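Here are the chains, one letter per residue:
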Amino acid sequence: MPRRKGAPEVNAGSMADIAFLLLIFFLVTTTIETDAGLDRMLPPIEPPDTDVVIKQKNIFTVSINKSGQLLVEEELMNLEDLRDAAIAFLDNGGAPAGSPEYCNYCQGKRDASSSDNPQKAIISLKNDRETAYKTYITVQNELVGAYNDLRNRESRRLYNRDFTEMESEYLNPETPSSVRDELKEKVQRIQELFPQKLSEAETSKI
Amino acid sequence: MSKFAKKKDGDLPAVSTASLPDIVFMLLFFFMTVTTMKDSSLLVENVLPNADQIKKLEKKDRVIYIYAGKPTQEYVKTFGEEPKIQLNDKFANVSEVGSYVLAERATKPQELQNVLTTALKVDKNASMGIVMDIKQELRKVNALKVNYTTYEGNAFNNIQ
Chain A
1 MPRRKGAPEV
11 NAGSMADIAF
21 LLLIFFLVTT
31 TIETDAGLDR
41 MLPPIEPPDT
51 DVVIKQKNIF
61 TVSINKSGQL
71 LVEEELMNLE
81 DLRDAAIAFL
91 DNGGAPAGSP
101 EYCNYCQGKR
111 DASSSDNPQK
121 AIISLKNDRE
131 TAYKTYITVQ
141 NELVGAYNDL
151 RNRESRRLYN
161 RDFTEMESEY
171 LNPETPSSVR
181 DELKEKVQRI
191 QELFPQKLSE
201 AETSKI
Chain B
1 MSKFAKKKDG
11 DLPAVSTASL
21 PDIVFMLLFF
31 FMTVTTMKDS
41 SLLVENVLPN
51 ADQIKKLEKK
61 DRVIYIYAGK
71 PTQEYVKTFG
81 EEPKIQLNDK
91 FANVSEVGSY
101 VLAERATKPQ
111 ELQNVLTTAL
121 KVDKNASMGI
131 VMDIKQELRK
141 VNALKVNYTT
151 YEGNAFNNIQ
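Chains as they are written, first to last, in this note's numbering: chain A, 1 to 206; chain B, 1 to 160.
Each hint should be verified, as a subset may be incorrect.
Stated by the list, open to error - Listed below are the simulated DSS-like cross-link pairs for lysine-lysine, each with C-alpha atoms no more than 27 Å apart in a straight line:
#1 A:LYS184 to B:LYS59
#2 B:LYS90 to B:LYS60
#3 A:LYS109 to A:LYS55
#4 B:LYS140 to B:LYS77
#5 A:LYS66 to B:LYS70
#6 A:LYS126 to B:LYS55
#7 B:LYS55 to A:LYS186
#8 B:LYS140 to B:LYS70
#9 A:LYS120 to B:LYS145
#10 B:LYS55 to B:LYS77
#11 A:LYS186 to B:LYS56
#12 B:LYS60 to B:LYS108
#13 B:LYS38 to B:LYS145
#14 B:LYS55 to A:LYS184
#15 B:LYS77 to B:LYS90
#16 A:LYS197 to B:LYS55
#17 A:LYS126 to B:LYS140
#18 B:LYS145 to B:LYS108
#19 A:LYS197 to B:LYS145
#20 B:LYS70 to B:LYS60
#21 B:LYS121 to B:LYS140
#22 A:LYS184 to B:LYS56
#23 B:LYS59 to A:LYS197
#24 B:LYS55 to A:LYS120
#25 B:LYS59 to A:LYS186
#26 B:LYS121 to A:LYS197
#27 B:LYS56 to A:LYS197
#28 A:LYS126 to B:LYS121
#29 B:LYS90 to B:LYS59
Hints are computed from structural coordinates only; laboratory data are not their basis. Predicted model, so just to flag it, every value in this text is computed and none were measured.
Please take these sequences and the hints and turn them into a complete structure.
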């Protein structure tokens, strides 16, 4: 009796072709997407029940016209100077020493005619319907940048770390929850020091 | 004929292709892990602006996408040059944004319905008018958390 041979070997020569086919399928149907952008909250549509009176000196008005020019506090300004102007306004701390509104961590000029403290300071952004979206994003980016710069400064003073770095670690779902709980407290503390108050009124004809 | 025939000179041995499938599989797995499926094909031009103060949108299942921009070349004839809104795979009017967001919200699990973000992917050359209209519609349906999706880069590159 002849000895039975083992099972015949399967030819693996076409394996590469099959794998290439799959590879090309995935290359065509998928995209490398990293979604990132500027987070904003829109104001609710119902107006608040109580009218809040805000002092004019606590509002920092930024208007963009249709050709992309900036009007900041009634004066023309270059986009490059916007961040510094916003920082100077937010960090001003104009309330006199001793009053309950006094801001003890502000490093600004303490000009009485500008914002009282960062909690009160509001940036109001207005734009025209014809304004280019890219200009609007640049302005938004600069204003968010002003807040981030100030928050980073306070965060470095208190925790020796950048706020933006702490926040992204806090928001990352892969961070272990024990670390997240610890970061949450710090992130909220810094956010209270410089709350992001960026109001966007409805578009008007400027 | 001798049993030990001399090899012919100058005949290169064939390169072994046995490891080729392994290499290709490795590439395949790389692409399978780092990419995501395309969910809709774009009907509008969508070159996003640059910004550097950005936050990552972490959880994909909590995001509703709205695209806006000038229709692409093939649609310019039918839809004109004015910026249009794209929801899923078709053009839409401003008035349809609200119902779209509500419908998308209804498809998400209950516990996520309050934490949804609306990602606005707007072409950088679009005007603010269309963005304001979308924002107004979003406010009407109480979808207040928005994300202006951008590329990472210097914001001043936008205005040159």
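Status of the hints after comparison with the structure:
For the hint linking A:LYS184 to B:LYS59, the alpha-carbon distance of about 18 Å falls within 27 Å, and the restraint holds. Pair hint B:LYS90 plus B:LYS60 holds up; C-alpha atoms about 21 Å apart against a cutoff of 27 Å. Distance check on the hinted pair: A:LYS109 and A:LYS55 sit about 19 Å apart at the alpha-carbon level, within 27 Å; holds. Using a Cα cut-off of 27 Å, the hinted pair B:LYS140 and B:LYS77 is violated, with the two alpha carbons roughly 33 Å apart.
Of the supplied pair hints, the one linking A:LYS66 and B:LYS70 holds, its CA atoms being roughly 18 Å apart against a limit of 27 Å. A distance of roughly 23 Å separates the Cα atoms of A:LYS126 and B:LYS55; the hinted pair therefore holds under the 27 Å criterion. For the hint linking B:LYS55 to A:LYS186, the alpha-carbon distance of about 18 Å falls within 27 Å, and the restraint holds. In summary, the hint linking B:LYS140 to B:LYS70 is supported, as the alpha carbons are separated by about 25 Å, within the 27 Å threshold.
Distance restraint check for A:LYS120 and B:LYS145: the Cα-Cα separation of roughly 23 Å lies within the 27 Å cut-off, and the hinted pair is therefore satisfied. A distance of roughly 37 Å separates the Cα atoms of B:LYS55 and B:LYS77; the hinted pair therefore is violated under the 27 Å criterion. Proposed proximity of A:LYS186 and B:LYS56 is supported: the alpha carbons are some 20 Å apart, at most 27 Å. A threshold of 27 Å between alpha carbons decides the hint, and for B:LYS60 with B:LYS108 the separation of about 12 Å falls inside it, so the pair holds.
Distance check on the hinted pair: B:LYS38 and B:LYS145 sit about 24 Å apart at the alpha-carbon level, within 27 Å; holds. Of the pairs offered as hints, the one joining B:LYS55 and A:LYS184 holds, with about 16 Å between alpha carbons and a cut-off of 27 Å not exceeded. For the hint pairing B:LYS77 with B:LYS90, the CA-to-CA distance comes to about 16 Å; that is within 27 Å, so the pair holds. Using a Cα cut-off of 27 Å, the hinted pair A:LYS197 and B:LYS55 holds, with the two alpha carbons roughly 18 Å apart.
A hinted pair counts as satisfied when its Cα atoms are at most 27 Å apart, and A:LYS126 with B:LYS140 qualifies at roughly 20 Å. Restraint check for B:LYS145 and B:LYS108: the C-alpha separation of about 16 Å stays at or below 27 Å, so the hint holds. Restraint check for A:LYS197 and B:LYS145: satisfied, since their Cα atoms lie roughly 15 Å apart, inside the 27 Å limit. Pair hint B:LYS70 plus B:LYS60 holds up; C-alpha atoms about 26 Å apart against a cutoff of 27 Å.
Straight-line distance between C-alpha atoms of B:LYS121 and B:LYS140 comes to about 20 Å, which keeps the hinted pair within the 27 Å bound. In summary, the hint linking A:LYS184 to B:LYS56 is supported, as the alpha carbons are separated by about 17 Å, within the 27 Å threshold. The straight-line distance between the Cα atoms of B:LYS59 and A:LYS197 is roughly 26 Å, inside the 27 Å bound, and the hint therefore holds. At roughly 25 Å between alpha-carbon atoms, B:LYS55 and A:LYS120 fall within 27 Å of each other, so this suggested pair holds.
The hinted pair formed by B:LYS59 and A:LYS186 meets the criterion: a straight-line CA distance of about 23 Å does not exceed 27 Å. Our distance criterion of 27 Å between C-alpha atoms is met by B:LYS121 and A:LYS197, whose separation comes to about 24 Å. Between B:LYS56 and A:LYS197 the alpha-carbon distance is near 21 Å, which keeps this suggested pair within the 27 Å criterion. Taking the CA atoms of A:LYS126 and B:LYS121, the gap is about 21 Å. The hint holds against a cut of 27 Å.
For the proposed pair B:LYS90 and B:LYS59, the alpha carbon gap of about 25 Å is at most 27 Å, so the pair holds.
The structure does not agree with the numbered hints 4, 10 stated previously, though it agrees with the rest.
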